[in-house]
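Take the sequence shown: its position 14, counting from 1, is numbered 14 in our numbering, and each next residue is one higher.
Note that these hints are calculated values from the structure, not bench results.
Fair warning: there could be bad hints in the mix.
Straight line, CA to CA, 20 angstroms or less: simulated SDA-like cross-link-like pairs of lysine to any residue [unchecked claim]:
| id | residue 1 | residue 2 |
| --- | --- | --- |
| 1 | Lys375 | Ala361 |
| 2 | Lys128 | Gly34 |
| 3 | Lys332 | Lys319 |
| 4 | Lys437 | Leu455 |
| 5 | Lys345 | Asp335 |
| 6 | Lys173 | Glu225 |
| 7 | Lys195 | Glu257 |
| 8 | Lys437 | Phe223 |
| 9 | Lys205 | Thr252 |
| 10 | Lys376 | Val308 |
| 11 | Lys332 | Gly254 |
| 12 | Lys85 | Thr185 |
| 13 | Lys375 | Ser301 |
| 14 | Lys319 | Val308 |
| 15 | Lys173 | Thr210 |
| 16 | Lys551 | Gly572 |
| 17 | Lys375 | Leu306 |
| 18 | Lys539 | Gln592 |
| 19 | Lys205 | Glu257 |
| 20 | Lys443 | Ala361 |
| 21 | Lys145 | Thr192 |
| 22 | Lys145 | Lys189 |
| 23 | Lys64 | Glu257 |
| 24 | Lys21 | Asn6 |
| 25 | Lys539 | Leu579 |
| 26 | Lys312 | Asp335 |
| 27 | Lys443 | Glu485 |
| 28 | Lys189 | Thr216 |
| 29 | Lys489 | Tyr538 |
| 30 | Lys410 | Thr435 |
| 31 | Lys376 | Asp335 |
| 32 | Lys149 | Ile182 |
| 33 | Lys205 | Leu249 |
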Amino acid sequence: MAAEYNGSQIVVLEGLEAVRKRPGMYIGSTGTRGLHHLIWEILDNGIDEHLAGYCSEINIVLHKDGGITITDHGRGVPVDIHPTKKIPTERVVYTILHAGGKFGNTAYKVSGGLHGVGASVVNALSRKMIVEVKKGGSIYRDEYKDGGKPVTKLVDGMLPVVGSCKKSDTGTKVTFYPDPEIFETVEFKAETICKRLQEIAYLNKGLTVTFLDEHTAEERTYFEENGIKSFVSYLTREETPLHAEPIYLEGTKGDIEVEVAFQYTTSYTEQINAYCNRINVVDGGTLVTGFKTALTRVMNSYARELGVLKDKDENFDGKDIRNGILAIISIKHPDPQFEGQTKTKLGNTDAKVAVDEIFAAEATRYFDKNVEILKKILDNSLRSYHARKASDKARTAVLKQLNDVDTKSKLAACSSKKPSECEVFLVEGDSAGGTVKTARNRKTQAVLPLRGKILNVEKATLEKILQNNEIKSMIAAFGCGIGDEFDIKKLRYDKIIILTDADVDGAHISTLLLTFFYRFMPELIMEGKIYRGLPPLYKVEYESTGKKSKKKESVYLMNDYELEKFRREQEGKSRIVSLQRYKGLGEMDAGQLWETTLDPQSRVLAQVQISDTVEADEVTSLLMGANVPPRRAFIMEEAQYANLDIV
1 MAAEYNGSQI VVLEGLEAVR KRPGMYIGST GTRGLHHLIW EILDNGIDEH
51 LAGYCSEINI VLHKDGGITI TDHGRGVPVD IHPTKKIPTE RVVYTILHAG
101 GKFGNTAYKV SGGLHGVGAS VVNALSRKMI VEVKKGGSIY RDEYKDGGKP
151 VTKLVDGMLP VVGSCKKSDT GTKVTFYPDP EIFETVEFKA ETICKRLQEI
201 AYLNKGLTVT FLDEHTAEER TYFEENGIKS FVSYLTREET PLHAEPIYLE
251 GTKGDIEVEV AFQYTTSYTE QINAYCNRIN VVDGGTLVTG FKTALTRVMN
301 SYARELGVLK DKDENFDGKD IRNGILAIIS IKHPDPQFEG QTKTKLGNTD
351 AKVAVDEIFA AEATRYFDKN VEILKKILDN SLRSYHARKA SDKARTAVLK
401 QLNDVDTKSK LAACSSKKPS ECEVFLVEGD SAGGTVKTAR NRKTQAVLPL
451 RGKILNVEKA TLEKILQNNE IKSMIAAFGC GIGDEFDIKK LRYDKIIILT
501 DADVDGAHIS TLLLTFFYRF MPELIMEGKI YRGLPPLYKV EYESTGKKSK
551 KKESVYLMND YELEKFRREQ EGKSRIVSLQ RYKGLGEMDA GQLWETTLDP
601 QSRVLAQVQI SDTVEADEVT SLLMGANVPP RRAFIMEEAQ YANLDIV
């Protein structure tokens, strides 16, 4: 544990550049998700102080004027002169990309925010930011405006002291106002914040987080003494458990701390949520592999020992054992190696070894003392084993029929046989499908029209799902199988693009398709193969107001936000001659459809990603499942934020 935290521990990799030009590279989007990401970035700094053992409380205030204040009671950002930049270290942290105490191993032994871009990016995307630091009995203040431009004048090169406090009273308070020139909306949603704060409390046992919404004067406090064990109880609250309390196991191997909590329910699905340094690694990785391997080995050993499996029986499959499980794996690792920029998969082999060894040892110790719970889980595995055998026969029979599925009448195939350059469009209806077939590049772009809405797979068995004609057509077209037979290496397309109208029916079809992919072909999402085509909502023709020769020009705009932004930018320079609003793909001719939606050089695609496995599973079950009251409550709560399009 580092006792000192000063300027020498802040390592600078490069300066702040182009964040305002390309905000999506740093926060994902300029919509609601990107807006709230600013909060998480500042919040992460306080949580890292908690992980380091210096902060037990974080306070968040949502102000009426649109700003937000986040205060941690950690050591306080360093205010001394940085050894290489020769300015206050606080200013280095908030104005220079990749500057932070998390690159070395002195200030933070364990940290989630390893990119070091959070604080400076939030500053770059804010119209105003105020930083106050309590350190050494003094209160220091710094202020920025217009994307990180310092306003505060330094005193002999140092930050001005604006007050005094007890030497034991330390911490950092950051207030910022998102820039409306950058974001589509600058209105924070209290419920979105509260949901994340609850998850943070579960993952950071012993941390108190308070939230005050000045709009309603409501204050909430989040504190979870039992950590991820309580998290599992929360996530299984709508399910029927096989055993009363979640099982909680923990241990340490070297510098790696491991926590596992899990509970079995009567559900037929498995859900494993993995966190490394409280980052949700949605693609899992080595820590999940270690858990699955140890669980399978331990339970098969007990099944033999207790006679659940006879000598002639084959071992339980891992899926048999995990049927109905909801598990959370949380590890703290001093040097996590995440695969990809989005930190979606952990690659450390020592994490696999640590989780495997700790789980096997602690689970054995637990089940030796709780044999009745063990028997319930093994009985559940045995039922799953027999059901899988019966299901395999039915599935095999259905999958054999896929070779006979007539996709020729539906699928307009592309001529190239190289998956790396091919893509398939899933199009709503034959009419729009005909236009897309005409407009496409026949070498690399295939089109599969879907007649009507596919089955809601959240409410159906696999056998029933495989009897749905539209689903069978997709499986046959993709070529990579489904379930145990799924092999992404056999996928015939690099991109699967959902292309529907911008109306209620189109949104419903997209949701049904995404539910199917998430539940039965999740690898397609995890590997970045699923996209949504985003055709423009408007075509604007305009002409200059200042030239004698008034040549008409045109531009496509994606949404109302872009239209209003265009009007502001063109005010006094040009006038709108015509404004066309597209309600469906059928309103575009082949040329317009190619230019706006199909041409890889000019189209806009949204890659479908999962940033939070807990939220993805909850929302999918809530909106697409059979339980009506929670869905009604969710819709009523979210209705206030809906954008209605009534014509």
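Now the hints, each set against the structure:
no. : hint             : in the structure
1   : Lys375 to Ala361 : 18 angstroms, holds
2   : Lys128 to Gly34  : 17 angstroms, holds
3   : Lys332 to Lys319 : 27 angstroms, violated
4   : Lys437 to Leu455 : 25 angstroms, violated
5   : Lys345 to Asp335 : 14 angstroms, holds
6   : Lys173 to Glu225 : 25 angstroms, violated
7   : Lys195 to Glu257 : 26 angstroms, violated
8   : Lys437 to Phe223 : 56 angstroms, violated
9   : Lys205 to Thr252 : 16 angstroms, holds
10  : Lys376 to Val308 : 11 angstroms, holds
11  : Lys332 to Gly254 : 11 angstroms, holds
12  : Lys85 to Thr185  : 35 angstroms, violated
13  : Lys375 to Ser301 : 13 angstroms, holds
14  : Lys319 to Val308 : 17 angstroms, holds
15  : Lys173 to Thr210 : 14 angstroms, holds
16  : Lys551 to Gly572 : 16 angstroms, holds
17  : Lys375 to Leu306 : 9 angstroms, holds
18  : Lys539 to Gln592 : 10 angstroms, holds
19  : Lys205 to Glu257 : 13 angstroms, holds
20  : Lys443 to Ala361 : 56 angstroms, violated
21  : Lys145 to Thr192 : 26 angstroms, violated
22  : Lys145 to Lys189 : 24 angstroms, violated
23  : Lys64 to Glu257  : 41 angstroms, violated
24  : Lys21 to Asn6    : 32 angstroms, violated
25  : Lys539 to Leu579 : 6 angstroms, holds
26  : Lys312 to Asp335 : 45 angstroms, violated
27  : Lys443 to Glu485 : 29 angstroms, violated
28  : Lys189 to Thr216 : 12 angstroms, holds
29  : Lys489 to Tyr538 : 39 angstroms, violated
30  : Lys410 to Thr435 : 14 angstroms, holds
31  : Lys376 to Asp335 : 38 angstroms, violated
32  : Lys149 to Ile182 : 16 angstroms, holds
33  : Lys205 to Leu249 : 14 angstroms, holds
In terms of the numbered hints stated before, the structure departs from hints 3, 4, 6, 7, 8, 12, 20, 21, 22, 23, 24, 26, 27, 29, 31, listed from lowest to highest.
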